[in-house]
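**Q** Residue numbers (my numbering), protein chains in the order written: chain B, 1 to 52; chain X, 53 to 295.
Some hints could be false.
[To be verified] No more than 25 angstroms apart at the CA atoms, straight line, and that leaves these computed lysine-lysine pairs for PhoX-like:
1) X:K83 - X:K145
2) X:K224 - X:K148
3) B:K22 - X:K224
4) X:K145 - B:K15
5) X:K148 - X:K84
6) X:K148 - X:K77
[Claimed, not checked] With the Cβ distance kept under 7 angstroms, some of the chain B side facing chain X (calculated, not the full set):
7) Y16
8) K22
9) L23
10) V24
11) V30
Hints listed in this document are in silico derivations from the structure and should not be mistaken for laboratory results.
C-beta atoms are modelled at their ideal positions from N, C-alpha and C, and glycine is treated no differently.
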Amino acid sequence: MRENMTEKAEKSTRKYPAFYEKLVPVVLSVLAVIIVVVLIFTIAVGVGALKF
Amino acid sequence: MTFVNTWLPLISSVVSLIFAFFVLKRYLSGKKGAHLLLWGIGMVFYAIGGFCEWYYGFFGWNPLIYRMWYLFGAILVAAWLGQGTVFLLAKQKWAKTLMVILVLGSLYGTFEVFSAQLDPSLLTASVHTGSELSGHAIVTGGVRGLTPIFNLYGTVTLVGGALYSAWIFFRKRVLLHRTIGNILIAVGALAPAFGGAGSRMGIPAALYIGELLGAVLMFIGFWRATTPMAAQQPEFSAQPAGD
Numbered sequence: 001m002r003e004n005m006t007e008k009a010e011k012s013t014r015k016y017p018a019f020y021e022k023l024v025p026v027v028l029s030v031l032a033v034i035i036v037v038v039l040i041f042t043i044a045v046g047v048g049a050l051k052f
Numbered sequence: 053m054t055f056v057n058t059w060l061p062l063i064s065s066v067v068s069l070i071f072a073f074f075v076l077k078r079y080l081s082g083k084k085g086a087h088l089l090l091w092g093i094g095m096v097f098y099a100i101g102g103f104c105e106w107y108y109g110f111f112g113w114n115p116l117i118y119r120m121w122y123l124f125g126a127i128l129v130a131a132w133l134g135q136g137t138v139f140l141l142a143k144q145k146w147a148k149t150l151m152v153i154l155v156l157g158s159l160y161g162t163f164e165v166f167s168a169q170l171d172p173s174l175l176t177a178s179v180h181t182g183s184e185l186s187g188h189a190i191v192t193g194g195v196r197g198l199t200p201i202f203n204l205y206g207t208v209t210l211v212g213g214a215l216y217s218a219w220i221f222f223r224k225r226v227l228l229h230r231t232i233g234n235i236l237i238a239v240g241a242l243a244p245a246f247g248g249a250g251s252r253m254g255i256p257a258a259l260y261i262g263e264l265l266g267a268v269l270m271f272i273g274f275w276r277a278t279t280p281m282a283a284q285q286p287e288f289s290a291q292p293a294g295d
C-alpha cells in the first residue's frame, strides 16, 4: 500500500523538458479549437447552411 | 502549366508512396496491426490523388483521371487514414463494425463516381468556381454529397485520434516522441483541408502546397512517433509526497 502511494507520488512528478511542458498544451489547445471550427464549418456547408 | 500545379502534386505523390512503403513494410515485418495496413492503403490513395493532379497539370483532365482523382483524392483518402486510427484506439468490435461500413460506403462511392455523368465544359472548373480542382463537373445528383460525409469521418478520426493520443501521452508525461509525432500527424492531416479552403477562395496553389505539407508532416510525424528520443526522455524527479 505504502509502495503504491509512493509510486503514485513519483508518477505525478514526471515531467517533459521545460520547452515541451509549455509548448504542448498550447499547441494541443489551438489544434482542438481549429478542428472544432473546421467541423462546424464542414457540417454547415454539408447541410447547406453555408455556401462555399 | 506551372511548377505549382505539376511538380508539387508529383512530389506529394512520391512522398506519399514512400510513406506508404515504410508503413506497409512495418506492417509486413511483424509489427502487425490493422492500423498500419489501413494507413498504408490511405497513403496509396493520397499518392493516386497527387498523381492525378500532376496528370491534370501536364495534360488536362480526361474522364478516367478525373474520376480517379475525385474518388481517391477527394472522397476516400481521409476516411481510410482515419479508419487506421480507429483500429489503433477504439475497441476492436467497434473498429470492425465501422470498417464494414467504410468498405461498403467505399464500394458504393466507387460505383457512383464511375457511373456519374460528367459535364466536359466544367472539367476545368477554375472559370466557374475560382478553384482548379473541384467536383463541379459531376452533374449526377448525390455523388458530391458523399464527400463531406467521408471527410467528416476521416477528419474526426484521424485528427481527433492524433490529438487524443498526444494528450494522453502528455498527461502521463511519457514517450515524448509520441506526443510530438501525433501533433505533427494532426497538423499534417489538417493541412490539405486548409489548402482546399484556400483553393476555393481563389488561391489554387494553396491546395497543392497544403497537400505536400500534409504528406511531409504526416510522414515526419509517423517517423517521430515510432522512433524513441534517446536523449530527451521525460525528466523524473522522485520527490517525496507532500514536498
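**Q** Hints first: check each against the structure and report whether it holds.
**A** Hints, verified against the model:
no. : hint            : verdict
1   : X:K83 - X:K145  : 21 angstroms, holds
2   : X:K224 - X:K148 : 29 angstroms, violated
3   : B:K22 - X:K224  : 15 angstroms, holds
4   : X:K145 - B:K15  : 35 angstroms, violated
5   : X:K148 - X:K84  : 16 angstroms, holds
6   : X:K148 - X:K77  : 23 angstroms, holds
7   : Y16             : 5 angstroms, holds
8   : K22             : 12 angstroms, violated
9   : L23             : 9 angstroms, violated
10  : V24             : 5 angstroms, holds
11  : V30             : 10 angstroms, violated
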